[in-house]
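Asks: Can you build the whole structure from these sequences, using the hints too?
Residues are numbered in my numbering as their position in the sequence shown, beginning at 1, plus a constant of 3.
No incorrect hints appear here.
Here are the simulated DSS-like pairs of lysine-lysine, each with C-alpha atoms no more than 25 Å apart in a straight line: (1) 19 / 128; (2) 128 / 56; (3) 56 / 19.
To be clear, the hints were calculated from the coordinates, so they are not data collected in a lab. This structure is a prediction, so every number in the text was calculated from the model and none was measured.
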Amino acid sequence: MTTRTDAPTRREQILKEAARLFAERGFHGVGVDEIGAAVGISGPGLYRHFPGKDAMLAELLVGISERLLAGGQLRVTEDASSGDGSPETLLDALIEGHIDFALDDRPLITLHDRELDRLRDTDRKRVRRLQREYVELWVEVVRARYPLLPENEARATVHAVFGLLNSTPHLGRPGALPGRTATAALLHRLARGAFEAAGEQA
Numbered sequence: 004m005t006t007r008t009d010a011p012t013r014r015e016q017i018l019k020e021a022a023r024l025f026a027e028r029g030f031h032g033v034g035v036d037e038i039g040a041a042v043g044i045s046g047p048g049l050y051r052h053f054p055g056k057d058a059m060l061a062e063l064l065v066g067i068s069e070r071l072l073a074g075g076q077l078r079v080t081e082d083a084s085s086g087d088g089s090p091e092t093l094l095d096a097l098i099e100g101h102i103d104f105a106l107d108d109r110p111l112i113t114l115h116d117r118e119l120d121r122l123r124d125t126d127r128k129r130v131r132r133l134q135r136e137y138v139e140l141w142v143e144v145v146r147a148r149y150p151l152l153p154e155n156e157a158r159a160t161v162h163a164v165f166g167l168l169n170s171t172p173h174l175g176r177p178g179a180l181p182g183r184t185a186t187a188a189l190l191h192r193l194a195r196g197a198f199e200a201a202g203e204q205a
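Replies: Take a look at the structure:
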């Protein structure tokens, strides 16, 4: 995948600070003025970008679900077009992509766990649909790598690995963790170990 190098837009800055503040203090514990102050604009100035906090939360949670699915689909497409890929290398690529999310977007994991039910019904259903598609994408790759693994067990293992990788907000303060490279490598080994354990029993 290509890495973005241009500066974030004001809208993206607002969303990043909103995610951080919502994760730290809870959705109802943060005011529009505080979010504005975090990005250097007045609270009312935020309304030029978002109609309110609910819209920010919806864009954060729907947006990350869209990005995870799109990233997974891109990895599958790139693997298919390369002509020399394998289920194992594709599974590794999916794991690496999810680890990037788990390490770089920790506030969004916290937000999802705490605040998903605050979304409007239509937005919440959209998040759930995107997540199901993301899971099924993984299941297909896992079963290509471990063809004897039953579909229901592959799906359960994918959910378990997501739980493992998404545990990063609970691993302690950032300074208490190994460096990012070491943490990513550890998470990758743990994820592959879980899939290997499931595959060996099939």
